[in-house]
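Chains as they are written, first to last, in this note's numbering: chain A, 1 to 350; chain B, 1 to 350; chain C, 1 to 350; chain D, 1 to 350.
These aren't lab readings, by the way, just hints derived from the structure by calculation.
Errors might be hidden in some of the hints.
[Said to hold, decoys possible] Not the full set, but computed from the structure, chain A residues with beta-carbon under 8 angstroms of chain B: (1) N52; (2) K67; (3) T136; (4) I168; (5) E177; (6) Y179; (7) R188; (8) N189; (9) E224; (10) S228; (11) G230; (12) N231; (13) R249.
Given the structure is predicted, the values throughout are model-derived calculations rather than measurements.
Backbone N, C-alpha and C define an ideal beta-carbon position, used for all residues, glycine too.
Below are the chains, spelled out letter by letter.
There are 4 protein chains.
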Amino acid sequence: MLVVMKAQATTEEIAAVCKHIEQLGFRPHPLPGAQRTAIGITGNQGEVDRGNIECLSGVAEVIRVSKPYKLASRDVKDENTVIQFPGTDAVIGGANLAVVAGPCSIESREQAFAIAEQVAASGAQFFRGGAFKPRTSPYAFQGMGLEALKIMADIRAAFGLRIITEAIDNESLEMVEAYADVIQIGARNMQNYSLLKRAGRARKPVLVKRGLSATLDELLMAAEYVLSEGNYQVILCERGVRTFADHTRNTLDLSIVPAVQRLSHLPILVDPSHGTGKRDKVLQLARAAVAVGADGIMVEVHHQPDIALSDGPQSIYPEQFSLMMDEIEQIAPIVHRRLPRGIQVTAAAL
Amino acid sequence: MLVVMKAQATTEEIAAVCKHIEQLGFRPHPLPGAQRTAIGITGNQGEVDRGNIECLSGVAEVIRVSKPYKLASRDVKDENTVIQFPGTDAVIGGANLAVVAGPCSIESREQAFAIAEQVAASGAQFFRGGAFKPRTSPYAFQGMGLEALKIMADIRAAFGLRIITEAIDNESLEMVEAYADVIQIGARNMQNYSLLKRAGRARKPVLVKRGLSATLDELLMAAEYVLSEGNYQVILCERGVRTFADHTRNTLDLSIVPAVQRLSHLPILVDPSHGTGKRDKVLQLARAAVAVGADGIMVEVHHQPDIALSDGPQSIYPEQFSLMMDEIEQIAPIVHRRLPRGIQVTAAAL
Amino acid sequence: MLVVMKAQATTEEIAAVCKHIEQLGFRPHPLPGAQRTAIGITGNQGEVDRGNIECLSGVAEVIRVSKPYKLASRDVKDENTVIQFPGTDAVIGGANLAVVAGPCSIESREQAFAIAEQVAASGAQFFRGGAFKPRTSPYAFQGMGLEALKIMADIRAAFGLRIITEAIDNESLEMVEAYADVIQIGARNMQNYSLLKRAGRARKPVLVKRGLSATLDELLMAAEYVLSEGNYQVILCERGVRTFADHTRNTLDLSIVPAVQRLSHLPILVDPSHGTGKRDKVLQLARAAVAVGADGIMVEVHHQPDIALSDGPQSIYPEQFSLMMDEIEQIAPIVHRRLPRGIQVTAAAL
Amino acid sequence: MLVVMKAQATTEEIAAVCKHIEQLGFRPHPLPGAQRTAIGITGNQGEVDRGNIECLSGVAEVIRVSKPYKLASRDVKDENTVIQFPGTDAVIGGANLAVVAGPCSIESREQAFAIAEQVAASGAQFFRGGAFKPRTSPYAFQGMGLEALKIMADIRAAFGLRIITEAIDNESLEMVEAYADVIQIGARNMQNYSLLKRAGRARKPVLVKRGLSATLDELLMAAEYVLSEGNYQVILCERGVRTFADHTRNTLDLSIVPAVQRLSHLPILVDPSHGTGKRDKVLQLARAAVAVGADGIMVEVHHQPDIALSDGPQSIYPEQFSLMMDEIEQIAPIVHRRLPRGIQVTAAAL
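Generate coordinates for the entire structure from the input sequences, incorporating the hints supplied.
Structural data, given as structure tokens:
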């Protein structure tokens with residue numbers, strides 16, 4: 001923490017700020033400068049409330065130095081986190097690219113199996129499908145719930161694909177934990193701290209999607225909520241943020257991938273489907289996401305997007321998915337990755 | 001819904017789009033223009049998924065016309081919603097300005113009563129205080145929970161002030177419903193649809209704060225979630241949105257007040273404390289909020305902000321609050337409002 | 001400037017950073033902390049390029065402390081700047097509210113005089129009207145140029161109103177300087193530094209509108225460009241910024257008014273016409289702007305907005321302008337201002 | 001253009017709107033819907049001011065349909081524009097990737113030649129270097145001007161590299177046109193329409209960088225300003241936009257690349273240096289830009305970034321540039337491109 005004094009601050013004001021810092025139990029370090037004095041603060045293990053100091057006479061501003069997250073930071077753990085999926089060769093993080101594919105929503109057993117078969121055939125290792133849908137409108141399709149979870153468990157049994165699906169409250173999280181392999185926390189719930197804590201007490205990996213206007217720090221703090229409850233299997237996911245730009249549904253912020261990788265050991269996926277909201281841009285951004293160094297891709301695939309109950313316009317066709325796999329497979333070695341094709345199940349899962 | 005064809009779209013493509021619209025059960029209305037053809041769609045009671053049509057050959061774009069909210073709309077209910085507080089003369093909405101004041105968090109009985117006494121003395125009718133706090137860091141103070149609710153119930157008994165406090169999950173909502181007069185849904189939970197639905201089943205008014213990057217439509221849709229469950233007592237609150245601007249914690253978007261009032265019958269408050277994040281700007285923006293036509297002000301007050309456990313820097317002092325009341329009282333008649341001073345309790349509440 | 005070292009930075013790395021700072025001619029002040037070491041830098045009169053230091057081994061980040069503007073700062077000049085208009089009682093800044101009103105574009109002598117007569121009758125002291133229009137489309141009306149300037153000079157002679165109009169390049173600036181009383185630099189040119197420098201060499205006051213995505217610092221730096229050339233008569237103007245919000249054309253950021261007033265001595269106006277883009281929100285935001293403490297209002301008025309050649313939808317009618325004047329006149333004393341009604345011309349201008 | 005009537009609009013109001021549209025010289029097409037009536041407008045060659053209609057009684061909103069740009073649109077010219085550089089094999093647009101590299105600013109003949117030699121050795125075809133610098137602060141280095149242009153002309157003669165450099169006003173544009181191969185219009189001047197028009201009268205290709213908060217439409221309209229003056233050699237460049245995200249200097253919006261390519265025939269480059277502002281993210285985003293399908297990369301390279309007079313922290317080292325070339329060369333064929341290595345000069349240039 002650094003306190004910057006006003007140019008015209010008096011010696012008395014500077015002394016008063018130092019005394020205040022000492023009374024808070026910290027050590028002040030006055031730094032007289034050419035134009036103004038700054039005062040460093042050390043000895044603070046936790047959080048000093050900068051506002052309190054900002055109110056003192058003569059203070060221009062207070063600047064925070066230490067990062068608020070700990071367990072998510074490379075300062076604490078330098079080597080990359082790699083999430084294992086017992087009984088299979090699948091991983092998220094590390095040298096392999098993880099590909100998660102499937103429909104926005106599970107609409108029926110037939111629909112789900114038809115898509116699963118095709119994404120499995122193209123070599124995906126993970127299947128996604130919404131069971132509990134957070135929809136902007138209360139009048140829109142809200143998901144098939146438990147029924148969808150059962151269908152996805154059957155898909156895992158049939159194709160080996162590991163299952164990622166969203167939980168939207170404590171009740172659904174309990175069900176998702178029981179049936180799926182990864183519990184997804186959606187963008188709209190990235191700061192639903194009750195849900196994050198509950199996910200932190202689950203024994204399954206948790207995928208945290210970046211909120212629509214979340215900063216890098218806030219994304220890592222959301223992960224910290226899960227980690228701080230003892231669940232160290234956290235995966236991050238960039239899915240576009242909200243900006244003034246109107247040519248895509250969201251603005252996909254690929255630069256967060258190297259930014260996360262610099263600060264944190266957690267793996268990060270990219271979702272070009274929500275990131276663009278437009279089918280005709282998904283493949284391009286999927287390629288870009290692999291090229292930028294993401295740990296994997298999460299993408300919506302639908303064999304009949306025209307009649308999809310949600311997010312049809314951003315779902316790619318299975319043949320486009322197959323092409324995407326071929327393209328990212330070629331890019332992978334350039335970024336020192338490989339794309340596994342298909343999942344090896346070596347033991348009965350769960 | 002309007003389908004805009006590309007300039008070079010063929011007659012066959014236009015016919016195919018019309019046929020597709022008919023197959024969806026709607027009526028297409030082709031409109032040949034100088035540069036291109038547009039096709040109007042009528043007969044859709046609900047939502048047509050525009051993406052499906054956007055994928056057809058020759059289509060340039062699809063434009064949505066009808067608004068997705070219904071119960072929140074003036075189309076359905078033209079007169080303003082006024083929330084009554086039985087056994088008192090307090091209202092939110094209508095000719096009276098509602099003022100909600102109190103600390104960010106309830107920190108102790110002494111702190112809460114000290115602040116409540118002062119805001120009551122200045123004429124506030126509503127008391128706010130956090131019992132369950134959604135904090136960015138898992139290591140920060142998370143609120144006193146039930147204990148805080150009991151303190152606030154005692155404050156209501158002692159001073160007559162009606163109580164507004166935030167619920168962050170179903171468990172806390174049940175407690176808030178039991179003890180408080182208004183259930184607050186915080187900005188970070190504005191799209192926590194499970195929580196909104198649960199609030200819609202409560203028998204207390206619900207205050208929905210605008211999300212950090214919520215559009216006007218999304219704010220009204222969040223209200224619609226509550227309304228659609230049968231709870232018609234919904235209050236909106238602007239509290240600043242996230243932008244590139246860095247001189248305030250958030251950018252307070254006062255223009256949403258007349259925008260809401262044009263489209264919806266629901267009352268809307270403004271929170272200049274979160275909206276600016278800086279004590280030295282709260283009074284100015286409170287005045288502006290009343291001048292723009294808001295139905296009231298929600299403001300953080302603390303008698304000792306230097307030692308507040310949360311949001312100290314944006315809390316104003318009781319004497320500043322008193323000044324604020326004097327200022328907005330003078331502005332009120334210019335916008336055809338009046339500021340009641342103090343609450344009349346005519347019957348035992350609850 | 002403050003250099004924050006990584007948690008695991010070695011003693012050698014810290015020493016190397018200190019040495020680098022000394023080689024740049026500054027003084028390093030190492031501050032060992034509980035988690036990491038920070039190094040303060042003093043002795044820098046001008047700008048230290050923080051990137052150079054950010055690249056050194058062991059450095060986590062570099063934080064800038066001093067503000068980059070000087071002449072615009074209260075550190076240099078504490079009393080408010082008040083712009084005088086010789087030969088009249090009009091001022092911008094100080095206790096009086098300045099009201100600038102007129103059409104977006106001068107379209108004809110009849111149109112300009114009709115509007116000028118009405119805004120003068122309601123008590124405006126300043127007349128605005130576009131002669132050179134920066135239009136998004138090259139095919140849109142670009143303004144009447146010199147002809148418009150002559151019309152406005154005649155309006156000044158007829159009604160006493162002082163003239164504010166935009167210059168878009170060096171050629172138009174020369175003409176505007178010759179004919180008008182205030183040279184406006186539009187939002188799209190706020191970082192057109194050639195134009196700002198040229199305005200700094202003019203002998204007329206300069207009004208600088210905030211850019212569509214300009215931070216507070218950037219706005220003050222634009223003013224600094226004008227000031228640094230020797231022209232100290234600078235007026236700022238908030239006119240809305242670009243955000244994700246879609247219910248108004250721009251998001252009017254009223255909190256910049258107290259923020260500017262804290263840091264700078266320069267007066268700041270608010271333009272609710274561009275700030276909202278919608279006639280039905282202009283009066284509300286004009287009231288809010290006065291209530292927040294702005295030094296004045298700049299507003300578009302048109303007697304026939306339906307046939308205006310530009311920005312018709314955001315222009316208010318003369319009778320609305322008259323109502324606006326009455327409303328802000330009532331708010332003015334609450335913020336210790338007064339609204340002069342009409343301009344007193346005591347000597348032949350120019 | 002589509003006029004959407006309010007739900008409760010009367011038959012008389014609908015008729016009045018139709019009549020108004022007819023009076024403007026267009027044809028109204030009323031479309032009665034289940035909830036409300038919409039009215040299509042045809043026959044408008046140019047721009048109908050939607051505000052005029054929005055003011056009529058009973059109108060809910062007016063939606064624009066036709067795009068405002070013409071010459072930049074694929075509607076007018078379907079095949080991609082490829083910019084030739086006479087006397088060389090270099091192109092921008094088409095199957096070849098264009099790589100533009102060099103320092104932010106030309107600081108001296110030695111510096112410029114040292115960097116040029118190295119980027120030429122790695123196979124760049126284009127050299128960039130600032131001669132006229134738009135700096136936020138009037139106290140910062142403003143560029144060497146004409147002297148820098150002469151140095152770059154000598155670099156072209158020595159290494160064959162084609163020269164791209166920014167013009168900031170009419171005076172500098174004239175010099176840039178005389179000495180360079182491509183005239184750059186910087187992001188801060190993207191809506192400096194006087195400068196765009198002047199560039200449109202130049203006989204050299206013009207590179208238009210996207211403004212800090214420019215929409216896709218506004219970027220294409222800026223190009224349209226150049227095109228409409230008769231200069232059809234326009235290159236676009238994405239360089240990051242301003243958002244709330246704080247982990248990079250700007251947010252690089254790669255999705256604009258496929259969006260531009262869908263709507264326009266103009267080539268588009270990506271600048272990962274300004275797009276991230278951080279050296280340690282430039283290579284990753286350069287790879288992503290090629291993978292997304294950009295027509296080329298514009299990147300800052302400096303052999304001694306620690307002592308660069310501007311933008312040192314975002315400049316990559318020559319050896320990083322060499323690595324970047326190797327990486328994008330490998331990605332190129334996956335997106336059906338090739339990276340030429342070095343420029344072939346077949347005739348004396350200029």
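Going down the list of hints, with the structure as the test:
Interface restraint check: N52 (chain A) against chain B, minimum CB-CB distance 4 angstroms, threshold 8 angstroms, status holds. The closest approach between the C-beta of K67 (chain A) and any C-beta of chain B is roughly 11 angstroms, which is over the 8 angstroms cut-off, so the hint fails. Hint status for T136 (chain A) relative to chain B: holds, with the closest Cβ pair at about 5 angstroms, below 8 angstroms. The criterion of a C-beta within 8 angstroms of any C-beta in chain B is met by I168 (chain A), whose closest approach is roughly 5 angstroms, and the hint holds.
Evaluation of the E177 (chain A) hint against chain B yields a violated restraint, the C-beta minimum of about 16 angstroms exceeding 8 angstroms. Of the supplied interface hints, the one on Y179 (chain A) is violated, with its beta-carbon coming no nearer than about 18 angstroms to a beta-carbon of chain B, more than 8 angstroms. A cut of 8 angstroms between beta carbons decides the hint on R188 (chain A): the least distance to chain B is about 4 angstroms, and the hint holds. The interface hint given for N189 (chain A) is met, as the beta carbon of that residue sits about 6 angstroms from the closest beta carbon of chain B, less than 8 angstroms.
The criterion of a C-beta within 8 angstroms of any C-beta in chain B is met by E224 (chain A), whose closest approach is roughly 6 angstroms, and the hint holds. The beta carbon of S228 (chain A) comes within 4 angstroms of a beta carbon in chain B, closer than 8 angstroms, and the hint placing it at the interface holds. For G230 (chain A), the shortest C-beta to C-beta distance to chain B is roughly 12 angstroms, which exceeds 8 angstroms, and the interface hint is violated. For N231 (chain A), the interface hint is violated, since its Cβ never comes within 8 angstroms of a Cβ in chain B; the closest pair sits about 12 angstroms apart.
With its C-beta approaching chain B no nearer than about 10 angstroms, R249 (chain A) sits outside the 8 angstroms limit, and its interface hint is violated.
Going through the hint list in order, the structure does not satisfy hints 2, 5, 6, 11, 12 and 13.
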